[in-house]
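J.: Chains as they are written, first to last, in this note's numbering: chain A, 1 to 521; chain B, 522 to 852.
None of these hints come from the bench; they were simulated from the model.
Covered stretches of chain A (in silico footprint by chain B; criterion: 3 or more residues with CB under 8 Å from a CB of chain B, positions within the stretch not fixed):
| id | stretch |
| --- | --- |
| 1 | 140-146 |
| 2 | 193-205 |
| 3 | 326-339 |
| 4 | 452-459 |
Where chain A lies over chain B, by a calculated footprint (3+ residues, C-beta under 8 Å):
| id | stretch |
| --- | --- |
| 5 | 674-688 |
| 6 | 724-738 |
C-beta atoms are modelled at their ideal positions from N, C-alpha and C, and glycine is treated no differently.
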Amino acid sequence: MGALGDLAGGLADALAPVNLLFALLGVLLGTAVGVLPGIGPAMTVALLLPITYALEPTAALILFAGIYYGGMYGGSTTSILLNTPGESSSIMTALEGNAMAKSGRGAAALATAALGSFVAGTIATLLLALVAPTVVDLVIGITAADYFALTVLAFVAVATVLGSSPLRGLASLGVGLYLGLVGTDVLTGQERFTLGIPQLSDGIDVVVVAVALFAVGEALYVASRLRRGPVQVMAASGPWFTRRDLRRSVGPWLRGTALGFPLGALPAGGAEIPTFLSYATERKLTKHPEEFGRGAIEGVAGPEAANNAAAAGVLVPLLTLGLPTSATAAIILVAFQSYGIQPGPTLLSTESTLVWTLIAALLVGNLMLLVLNLPLARVWVQVLRVPRPYLYAGILLFASLGCYAVNADPLDLVLLLVLGLLGFAMRRYGWPVAPAIVGLILGPVAETNLRRALAISSGDLGVLLDTWFSRIVLGLALAALVVPIVLRAVRGRRATPEEVQAGEGLRHRESVGAGPGEEER
Amino acid sequence: MPLSRRSFLAGAVAAPALAAAAGALGGCAGTVVQPGDLSRLRVMAPASPGGGWDTTARVLQRVIQSSGLARNVQVFNVEGAGGTIGLGQLSRETDDALLMMMGLVMVGAVDTNDSATRLTDVTPIARLIGETELIVAPPDAPYTDIQGFVEAWAADPAGTPIAGGSAGGTDQILAGLLAQAAGIDPAQVNYIAYSGGGESLAALLGGQVAAGISGTADYGEQVRTGDLVGLAVSTAERSQQVPDVPTLVESGFDVEVDNWRGLMARPGMSAGAREDLIALVQDTHDTEEWAQALEDNGWDDLLLTGDEYGEFLAEEEQRVLAILREIGLVQ
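One chain only, chain A, in its complex shape (with noise of 0.2 Å):
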């Protein structure tokens, strides 16, 4: 009960005056450049840091925590409305978001995301707050193999956004997974596929290929059609989220900080991957299947929880070992130690009082985005209003700047044409855009820990079966992929049950994942 005795400190900080402005600005400025696609909480962190230099501790690191939280809100506005996704953790947003906003349901996939943020927030905070210290214990223990298998299952959950041809979906998959073999391997510090062009040599930017791929592919398109027959005009006023609305996002929500909260304080998880599980698995678990890829709302709440519980994850190492996992975390670290303050081990008790006061105002910034933001929801759905030739111009604007602004290089500007036909392309052919996004982050985090794994073990296959987590993992993985198939053939009828039973088994993992990680140690 210590805990919450020190929590209760910290708010009474917290809500000091200076506090409580620096907590309001910092998430306004955090929704704001997470709205735009290309600047992200960590350049803007990075350009605030002298002011650390001037500001007091408490009231820097409130602000930038609170930049770095809004910064998860405001990528899944332009996801839903526009398709274009101003942060890579709300790719998977924008998949059903869209959808959403397309037939006139805008407001409540606005509302969704925003209240299922709050919630994973709130929630992941708090976990932050009573569980860092255990949570970190079970953290260190995953190894490279295990970072493999979670990766396998990720790929095996892909499925699901495949779309109706799997022949499409995979090859938009090997396209994704093409673009991440782009860049220096990571092991060896060989240039693969840059064609000589130095700009290539770390890659494509995972912002860059999704806008290219989403927004520009999607404008081109419309652009293509609009000569043909009427046009198609978006309600930007449809219903406000309903009761049922509700009940059927209260679901995703908890399952979504399940996997974020966990995935997110793992060293090298990153917020994507919970929200490509979380998609799968609420996909998996509707009653509304038919919904999916028209728009359920179940597709927003979840993976909209999950990328703000992982924001709370990633904080756990942080805090607890002076560990980044996110490029943010990492400026957020410079600032810890511009101020002689070294997170690690000792942080808690050398510096409690910031770090409860820190705690307490990632609660009262969390809150403050729910009550900026859900009113704006139906704001922001106005958008939708203006006539399609201005509002995709509107967004080819917005996504050049974006991608323009993240290295003042035109080399981007090429690159998101060239994709984005490759987008227009895809649209044209019917073949799904997701997987792509999906192979392009998950195909180099797979290779390298295959990678690392084999050369710790020295070329030892049986590492991959290593530590329980892996066979957890890995095994789940088999389950999703040939239980549906066997039992099709066996009875003869689609599986629906069985699925469910599959993506039950998503959810097991996390609380049996828990295990093996205290054994490595």
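Go by the hints and put chain B onto chain A.
T.: For chain B alone, kept in the frame of chain A given last:
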């Protein structure tokens, strides 16, 4: 009405983006500098925000500004290819009031990335600081000193995975040099590259690798608390950060590596302009704020300016290239 609201929102969102883009574009955004005028200064960090070069550039910015040596100092990032994209950009610059942060890693990156611009193509200004490299072992490892580790390593190089930062960087260079000094073929070193000190830290704490190499900033805290065993430091002197850990030289291995960082300027500048920049760096170095910054960050003072720095660079280039060839990273 909705249209105007939309454009307003787009404008509000675009503002920070433009500010960032303007920062990155720097010179194009209206920084007209008279020759010899260092009241405005730009510092390029040729890496992403948050890394070593970026941090050092931002500390330099703060000290120069707070001590009043220049009114307006901007730091901007040019990411990619081990810093060689920034190096290429520097070689095309015409602005004298521009410094590029760089360090040991760039020496190797020029060759591993086959960069068109070499370090000899730009103007050396000064070596500034150094960070001590720290070799550590997991807490449950069967050895507790560097001799014990090297013995186990020599017996089975392939079965002794060593974790460190990105391929071809300081950590791998040190691993190769130590292998060489211990009579192990550097090409046999089983080096596991992680994208940063943080990721390798997790692998070490989990006991997945036999040893790890990174800066004292990454592993120092864990060595002090006893979560990791400090085997050796790479510099000539012991580090203030971990005073109990012996140096490689005093442990009997003739290896000395400083993860140094320094500053370069554009090619073809006049001798006077170069002298001005060197004087600015010297003045910054002499301030109390700089001394404090060195202590706060655990950096060693390695100031070396002008042509002496150029000679040091040439020697370092030879040494790094030789070991990268032995490891097999450069043909």
